[in-house]
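So the protein lines, in turn, are chains A and B.
Basically my numbering = 1-based index in the first sequence + 510.
Basically my numbering = 1-based index in the second sequence + 918.
Since the hints were made in silico from the structure, they are not lab data.
The model shown is predicted, which means the values in this text are computed figures rather than measured ones.
Heads up, a few of these hints could be off.
Unchecked claim - What the simulated footprint calls covered on chain B by chain A, stretch by stretch (three residues with Cβ under 8 Å from a Cβ of chain A suffice, anywhere in the stretch; the number is not a length):
no., segment
1, 991-999
2, 1006-1014
3, 1018-1024
To be verified - Here are a few chain A residues that face chain B, going by a calculated C-beta distance under 8 Å:
no., residue
4, Arg743
5, Gly836
6, Cys844
7, Glu845
8, Asp858
9, Glu861
10, Leu865
11, Arg867
12, Gly868
13, Phe869
14, Ala871
15, Ser872
Idealized CB from N, CA, C, for every residue including glycine.
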Amino acid sequence: MVIHPSTVRCDSFTLESGATLTPVEVAYQTYGVLNGARSNAILILHAFSGDAHAAGISQETGKPGWWDNMIGPGKAFDTDLYYVICTNVLGGCRGTTGPSSPDPATGKPYAMSFPVITIRDMVRLQKRVTDSLGIERLLAAAGGSMGGMQALEWAVSFPQGVAAAIPIATTARHTAQQIAFNEVGRQAVLADPDWNNGDYYGGTPPARGLAVARMVGHITYMSDESMREKFGRKLRSREKKGYDFSGDFEVENYLRYRGSEFVNRFDANSYLYITKAMDLFDLSNGSLSLASIFEKVTARFLVISFTSDWLYPSYQSQEIVRALRGRNCDVAYCELPSNHGHDAFLVDVAEQSDLVRGFLASTFSRETR
Amino acid sequence: MSATHEPRRGPFVRELLGRSDYAIIGDIVEPGTRVLDLGCGEGELLQWLAENKNVDARGIEIVAAKVRGAISRGVSAYQGDIEDGLEDYPDQAFDYIILSQTLQETRRPLKVLREMLRVGRRAIVAFPNFGHWSVRASMLLSGGAPRNKLFPHDWYDSPNIHFLTVHDFESLALKEGLTIEKRYFLAGHRRVAMFPNLTAEVAVFLVRR
């Protein structure tokens, strides 16, 4: 499959907070071919630590995209039928403008002078990209976790701009527990002396703090069962316990590896800004009920949750589904069995693929009827 | 074309998706309407209605594997219990609410029926007739809970918990002030008219408030 990486530049972009970024660049990739009617475009929305490389093998790194098992010829998001787009989110560090990008006013990275961004800002910027590609109406906006928040926001912010939304393993707003885990991650970054009030570019990044933040994150992405299956109490390359703190258990080794690996590809300030955007996200705008938010929504919905996902438990998806039913919106919902916890939407894709494939096919036939 | 065009004239009803009651339901539903099927299984009927009658087809199904099947075939189904799954819907959200061979399995059939007629303008209710002569004969002769083609389960593992007859349903409709717009009585693939409470294996009613 051919990957088309590209960048869109917006001279000026005003955020929900009122701040303006001049300019903003957005990195994106596309797969498949846009049809003549421009009616087969699907926007894939990445989760917290993802990027625009959703599918195919990167020429640069040799690695497959983060949802390569879902996107490609004959796969759920079938690139023989659909034109698939994935952008790196605003505030990210993988080609789209974020805190590590140079501030044109100073020539130095924004760092903590970067304005606070929201999920709605990310979505409005994505709309700029799809507009620039000449796409008035997406066939679908789809994503898991933070990607699911964006899919919901697409349906609400652009009722005519998207025919279907596929929010997976997500929520309409973070609970105290979800905010709490994010805050632990942020505090780990802030507590690292190398963070230096965000001004570490060109120096030593807060690698230890960011690695700890990622370790906490990984625990929340797995489940008790999947951790037991994967690690149990297995000891790491030694016969007996070491009676020291070098790491006896396989699970310790794994978390350390995932933490240090993350530091090489992610910016600590982006971690702060993007987790904050997730915590601020509230589809219901605080006081209003969810159902009233869906008043103008015309999109169909496919909502998916997973049995063992305790970070974004099924009741949060069901809350969205109930609100949509209250407005008599067209919504399909299924809780899929999995023991992979929140990671299920990335790894347990067989049944998820069947749902997405059928849902997209019927949406496409309605749109082109 | 559909196999359901003339179930009203001849004595025989053709099958739709292997079922005569589906053929009747397929005939009742007007094109271009909004339909909610309670206990939609893998969505075969809804898919047929969407493709052949251009209806806006939705379903509720409690068995997760069946919901997956329904969504995979493009039907907007969601996993839920029909006993309380209707409460979120606004009044008169659908033209038809279908309940096929499930009323006798619900815990609170009257509540379900009332909710159906709150959420839908019309209800299509199909159920096996407990008054059929073979059921009566089975009980009379064996002295045990009836077991036959219509009710094949042992009493202890039957999903049916509220048995009803054609007569029972008509009495309830009268008591609830419902209008029965259409009634169909089936024995195998035959429509029956005489003594339906005795001769009908399956009854299909179209009712409204």
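The hints, checked one at a time:
1. Proximity of the segment 991-999 of chain B to chain A, defined as three or more residues with a beta carbon under 8 Å from a beta carbon of that chain, is established by the 8 residues found.
2. Counting residues of the segment 1006-1014 of chain B whose beta-carbon sits less than 8 Å from any beta-carbon of chain A gives 4, enough to reach three: the coverage restraint holds.
3. Under a criterion of three residues with beta carbons nearer than 8 Å to beta carbons of chain A, the stated coverage of the segment 1018-1024 of chain B fails, only 0 such residues being counted.
4. Residue-level restraint check for Arg743 of chain A is violated (minimum Cβ-Cβ distance to chain B is 33 Å; threshold 8 Å).
5. Look at Gly836 of chain A: its Cβ gets to within about 5 Å of chain B, closer than 8 Å, so that hint holds up.
6. Interface restraint check: Cys844 of chain A against chain B, minimum CB-CB distance 5 Å, threshold 8 Å, status holds.
7. With 8 Å as the threshold, the beta carbon of Glu845 of chain A comes within range of chain B, its nearest partner Cβ sitting at about 6 Å, so the hint holds.
8. At a threshold of 8 Å, the smallest CB-CB gap from Asp858 of chain A to chain B is about 13 Å, leaving the interface hint violated.
9. A distance limit of 8 Å between C-beta atoms decides the matter here; for Glu861 of chain A the minimum to chain B is near 6 Å, and the interface restraint holds.
10. The interface hint given for Leu865 of chain A is met, as the beta carbon of that residue sits about 5 Å from the closest beta carbon of chain B, less than 8 Å.
11. Interface restraint check for Arg867 of chain A: the shortest CB-CB distance to chain B comes to about 7 Å, inside 8 Å, so the restraint holds.
12. Taking 8 Å as the C-beta cut-off, the interface hint given for Gly868 of chain A holds, the closest approach to chain B being about 4 Å.
13. At a threshold of 8 Å, the smallest CB-CB gap from Phe869 of chain A to chain B is about 6 Å, leaving the interface hint in force.
14. The beta carbon of Ala871 of chain A is positioned within 8 Å of a beta carbon in chain B (closest approach about 6 Å), and the interface hint is therefore held.
15. For Ser872 of chain A, the interface hint holds, the least distance from its beta-carbon to any beta-carbon of chain B being 3 Å, beneath 8 Å.
Of the numbered hints listed earlier, those contradicted by the structure are 3, 4, 8.
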